[in-house]
Each structure stands twice: as structure tokens, then as C-alpha cells.
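J.: The whole structure should be built from the sequences, with the hints applied where relevant.
Line order of the protein sequences matches chains A and B.
Under my numbering, residue 410 is the last one in the first sequence; the count climbs by one each step, no gaps.
Under my numbering, residue 410 is the last one in the second sequence; the count climbs by one each step, no gaps.
Treat each hint with caution, since some may be false.
Distance condition first, Cα-Cα at most 25 Å in a straight line; then the derived DMTMM-like pairs of lysine to aspartate or glutamate [what the hints assert, rightly or not]:
1) B:K95 x B:E261
2) B:K397 x A:D278
3) A:K369 x A:D192
4) B:K10 x A:E295
5) B:K95 x B:D219
6) B:K397 x A:D246
7) B:K158 x B:D175
8) B:K23 x A:E309
9) B:K10 x A:D278
10) A:K369 x A:E407
11) B:K197 x B:E180
12) B:K10 x A:D246
13) B:K10 x A:D285
14) B:K10 x A:E327
Label pairs and their in silico Cβ distance ranges [stated by the list, open to error]:
15) B:L31 x A:V392: 51 to 61 Å
16) B:L28 x A:G304: 21 to 31 Å
17) B:M27 x A:E327: 33 to 43 Å
What the hints contain is simulated information worked out from the structure, not anything from laboratory work.
For clarity, every value in this text was computed on a predicted model and none was experimentally measured.
C-beta atoms are modelled at their ideal positions from N, C-alpha and C, and glycine is treated no differently.
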Amino acid sequence: MNERDVIRIEGLTRTYVMGTNQVHALAGIDLTVSAGEMVAVMGASGSGKSTLMNMIGCLDQPTSGSYELDGEQVADLGRNRLADLRNRRLGFVFQGFNLLSRTSAQENVELPLLYDRSGRGGDSASRARRALERVGLGDRTGHLPNELSGGQQQRVAIARALVTEPSLLLADEPTGNLDTRTSIEVLALFQELNDQGLTVVMVTHEKEIARYAKRIVELRDGLIVRDVPVHDRGHAAADLGRIMEGAA
Amino acid sequence: MRPDKLIRIAMRSIARTKMRSMLTALGIIIGVGAVIVMVAIGHGAKSRIEQSIQNLGTNMVVITPGTSASGGVSRGAGSFNRLTTDDAEKLQRESMLLSEVTPVIMTFSRVRGGGGNWRAPIYGVAPNFQDIRDWGMASGQFIGAADLRARRKVCVLGATVAENLFPEQDPVGQEVILRGVPFDVIGVLEDKGQTADGSDQDDMVIAPWTTIQDRLAGRQFIAQILGSAWSPDDVEAAMDEAAAIMRESHELGDWEEDDFTVRNQADLAEAATGTTEVMTLLLAAIAGISLLVGGIGIMNIMLVSVTERTREIGIRMAIGARPGDVLTQFLVEAVVLSVLGGLLGVGLGYAGSWVVDYLTGWPTVIDATTVALALGFSASVGIFFGFWPARKAAALSPIDALRFE
Ligand SMILES: Nc1ncnc2c1ncn2[C@@H]1O[C@H](COP(=O)(O)OP(=O)(O)OP(=O)(O)O)[C@@H](O)[C@H]1O
Ligand SMILES: [Mg+2]
Chain A
163 MNERDVIRIE GLTRTYVMGT NQVHALAGID LTVSAGEMVA VMGASGSGKS TLMNMIGCLD
223 QPTSGSYELD GEQVADLGRN RLADLRNRRL GFVFQGFNLL SRTSAQENVE LPLLYDRSGR
283 GGDSASRARR ALERVGLGDR TGHLPNELSG GQQQRVAIAR ALVTEPSLLL ADEPTGNLDT
343 RTSIEVLALF QELNDQGLTV VMVTHEKEIA RYAKRIVELR DGLIVRDVPV HDRGHAAADL
403 GRIMEGAA
Chain B
6 MRPDKLIRIA MRSIARTKMR SMLTALGIII GVGAVIVMVA IGHGAKSRIE QSIQNLGTNM
66 VVITPGTSAS GGVSRGAGSF NRLTTDDAEK LQRESMLLSE VTPVIMTFSR VRGGGGNWRA
126 PIYGVAPNFQ DIRDWGMASG QFIGAADLRA RRKVCVLGAT VAENLFPEQD PVGQEVILRG
186 VPFDVIGVLE DKGQTADGSD QDDMVIAPWT TIQDRLAGRQ FIAQILGSAW SPDDVEAAMD
246 EAAAIMRESH ELGDWEEDDF TVRNQADLAE AATGTTEVMT LLLAAIAGIS LLVGGIGIMN
306 IMLVSVTERT REIGIRMAIG ARPGDVLTQF LVEAVVLSVL GGLLGVGLGY AGSWVVDYLT
366 GWPTVIDATT VALALGFSAS VGIFFGFWPA RKAAALSPID ALRFE
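T.: Dropping the structure here:
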């Protein structure tokens, strides 16, 4: 383990109690993710991927075990510190986009900045615009979510995750609702951000998507059953170029 | 979080659901509007009464028969009306502090003259009545000392009577007949308008009390005695002095209660405005209830809104909203809604008061205090009824809120 570990998880469990029977969604996870990694979490439905992401994202508390984010014990933190952590260190991208409806792209992206109490970096509107430009939506700032395609909505969500300049991007099935081409577009964006130093952890069902990551972690019944580096890593931008040529 | 950011978040939320926000605030709008209209009507009535009492002259002292103490010893009907012209004359003679005193005899009669026919109250008074009431003449002159002494059959007409009997000509010099007795009209009073309770102060005929007693009323007892203190500062002392003289005149023993009541203008004002104050309070209470109902409406919608917006709350928490931020957001939304509703309600109140004024002619008075109170109250309603839904929202765990279907 080195100084630059972003995520350090040991013996993490999460048990849901449903009446008399218990569901061990996570049954003892050990996982370390270092800065600059790009990890794909895979596994069958119900294997505990989302539960793990929610733990990493400080949205839910483990039943037992320890979780350090950027060297900080998350279990010790109160609700306010957790909120600040989510605000500053983490960016979320969900399968269902989770944008505020009837709220323009720009306002959606601006939202995390409104909750930023660190006093960092000035004009939230222009920062939001820059984040949208970064995901290629500089010309859609005034659009409402229902005026955007699924891929565009997901890119707004990515801009929202990026606007606070987090150290860790978490994405739970970010391409689950997108077609192949748009999925590759999103992955190209992730790879580009990862190249710039952002640590990425994403959940995916699809092998073709997972091969754009640097490392694959596979879950089964709440346990990690495989943890391997990706050897023939894909290059999403290049693949996208090929698809475009093929279409033309 | 900075307040301007908070208000921005709340305003955006409200702007996103304009129609619903409008409906939510409707209760407050109507409540505040109702409070303002009701209080404006009450204040209008009060100010009108106060003004008409102001017109009585500030030095005036009024003595009426009967004790002021309510629930006192009951007395025979005969002993009840015990004010006489002798009392008035004794007061005029002996009082140091009252400059003028006049008995006021009141009766009603049909007034015939100028080919017309009009029923009006007849006042039998002394010449100084004019100074005490401070009433001016439109034409001719008031009754004089000689008229009183000689029991002359002369009279002065109020503007209403004059207009009804002599619409075309100056009544001065004409003759009117009261219960078969002819009176010469020697003057017409200035138009004074209505009193607060709507009675017409110009609907009267004034004659020397001696004449009225001889020819019309024919009885010893009189409606009231009016006096005028030398100066407003003397009024209180003059009242005490008048009471002492009256007790002497009525030969009351030490153990006996006053069988008369001495009041000044302030007392009259109090009695008259007292009733309008009760009315104002009552109206305000009714309107206040509608404001309360409006507040419950806000709570209702906010509660529904918390459930409906659970996912939104989850999203906000996921991107870094603290529980306190969510609480304040909902609270600020409730307060902004109710204050906006309050402002619209003030507008509605102004419009409503104008309409009432226009349609009924009741004067309405809107004062800054009422407006401030109504606005303050609607903000409190927002805080009070917004708090519970807001706390409910803030207590949600981020993941439960996000997963909410
Ligand atoms: N709130 C909850 N209450 C009870 N059980 C839960 C809850 N959330 C998840 N579970 C259970 O925990 C297990 C893991 O769920 P999780 O959502 O992590 O699966 P997943 O790997 O994300 O599946 P999918 O690929 O379908 O999204 C499942 O068996 C699920 O039924
Ligand atoms: Mg899942």
C-alpha cells in the first residue's frame, strides 16, 4: 500500500435485514484503488456492485469493516462531513442520469458548487459552462434534460460530477441506458479524464465496456472473485473514429 | 451555506413549479388580503367616528340622565330621567370652569312649510349652543338671548330640512309649522354631513328651549345638558365641578349614587370607537383564521412535495448537500412562498379595500402596521408550517432518497 491510495477497503460487509432473513450484499470485501487507476467492477445482477459503489461513494454506511477515502476513516465522520466529502472529493454518475428535471443543463452542473462551502474558485456559472464545454456540450447550456438525448444527459451528469474537480469519479452502469456508440463516447470521455489524472471506478455488465478500464474487479455474492489488470486495453476515442468511418 | 445561494436554490425550485407554487400560496394570498380588507374597514369606521367626535368641539362636557355605573341599584322609572332646565341654569350660574351651559330638549315633530312636509328632530336649546357645538350659519342668524327670554317662536333649520322644505328659495324669513305652532325661520345651519353611525347632523330644527318647553315638549325633563369648559385643560376639573353642582341640585345624600353621567369628548370617543375596535378585532380574527388555514395548506403541499421530491433530495445529498442545507432549502422555500403570497395578498388587500370603498362608500384605512403584521405573520406561518416537512426531508438518508421510487 502506498501513500497515493484513494480507496482502501478492508473486511467490508453490508447486511440488509429483511424481516427474519438477512441478505449479505457485501460479505467481506478487501479492495485498494490507487490514484490514477481506472477500475471496472463487474458481476452478475445482485452480486453487490451497486452496494459497493454506494459504500465507496459515502451514500451508505457499512455494517462492518473499514473504509478509508484519501486516507480518512469514513466511519468516523458525521453526516455533514460526509456531505462535504461527497461534494469535494467524489463525483457521481448514475445509470439513470439523475438530473434535476425542469432545470437547465447549466443549472444542473452548477448545483454542486452551490453546496461547496470551502470557498474555492469564484464564479460558479462560468465554471459550470467550462465543465459543459469539457464534455462537449458548450452549445447546450440552456437546454432542459428532456430536450437532450440520453448520451447528452449522461454527459451533463458527467460535467456535474467533474465541476468540483473531485479526485474520484464513481459511475454505476453509466452506459446502461445508452446505445453502443454513445457508450463508447462516454468511455472516451472517461479515458480522457483518467489520462488527466482522475481516478475512475465504474460498474458495468458489458465486457466490451470493461476493456476500456485498466483493471477489472469481479464480484459474486458479495465477494471479490477476480481482480485482474486489463492487458489488451481498448482505446475508446480510436474505436469511435472507426465507427464513424464505418458509418460514413 | 450563504443566504443568497439558499434563496437562489429556493427561488429556482419555486420557479420550476410556478402553477403549484401559486396554488400553494393561494391560501396565504387570500388570508392576508382578507386581513387587510377587514382591518381597513374597521379602521375606516373608527376614523370616521373619531372625526365626527372631533367635530363636537374639544371643550365640550355632556351631562345625561341616569347613572353610568351599570348593574347599580334599580330605580323607579319616574326617578330615571332627572335632568331639568333648573339643573342647567344652576350650572350656568355657579360653575366657575364652564363658560357656557345649555339644556338640550329633544322632541320629534312634523315640520310643515314652503308647501313641504318633513319629519325631523326638534332641539330646544339656549343661544350658546352654537358656541358649544361650534356650528356655523349658512344664512341668517342663530337664536338669541332675547328670543330665549321672550319665548319667541323662532327657529333655525338644519341644511337637510331647509333643502327639503325650501329647495328653491332662502328659508330665512319664511314660516314653518311645528305641531300647529308657526315658527319664523331666522337662520339656516351650515352643512355638516353625516356622523359615523350614519345619522344626518343636518336633519334638525333648533329653537329656544323656553319656547319648545311651552309649546311642544311640555315636560320638565330634558335629554342632556351641554357645557363648554374655558379651555381643554379645564375639562377634567369642570367635569368634577359639574358633578358636585348636579349632586347639590338633585339633593343627593353622601350614600347615594349619581343619578346622572358627566362625560367629555374623550369618553364619547371611547364609547364609540370601543365598538368599532371590537368589530375590527372580530374581523381580524376571522381573517386570521383564514391565514392559518392558508398556512396548513402550505404545510400540506410541502409534505407532498417532500415525498414527490425524494429523488431530488437524494440527488442533492449525493452531490454534497448537508442535511442542514436540505432543511434550510425547504424552509426557505416555504418562507419565500408565504412571503410572496403575503405580498400578493397585500396587493389583493389594497384592491379589495378600494372595491369596498367604491361599491359601498365605506371609507377604508390601510395602515403600515397592518401590512407589516400581515407580512410578518405570513412569514411565521411559512416557518412554522414549513419546518416539519423540511425536517422530514433532511432526515432522509442519501441512499434511501436516491433509491426512492
Ligand atoms: N435496500 C435494500 N434492502 C434489502 N436488500 C437490498 C437492498 N439493496 C440491495 N439489496 C440486496 O443486496 C444484494 C446486492 O444488490 P446490489 O444492488 O448491490 O446488486 P447489483 O450487483 O448492483 O445488481 P444489478 O447488476 O442488478 O444492479 C441483492 O441481493 C439485493 O437484493
Ligand atoms: Mg446495481
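J.: For a quick check of understanding: which of the numbered hints are violated here, in increasing order?
T.: Those not satisfied: there are none.
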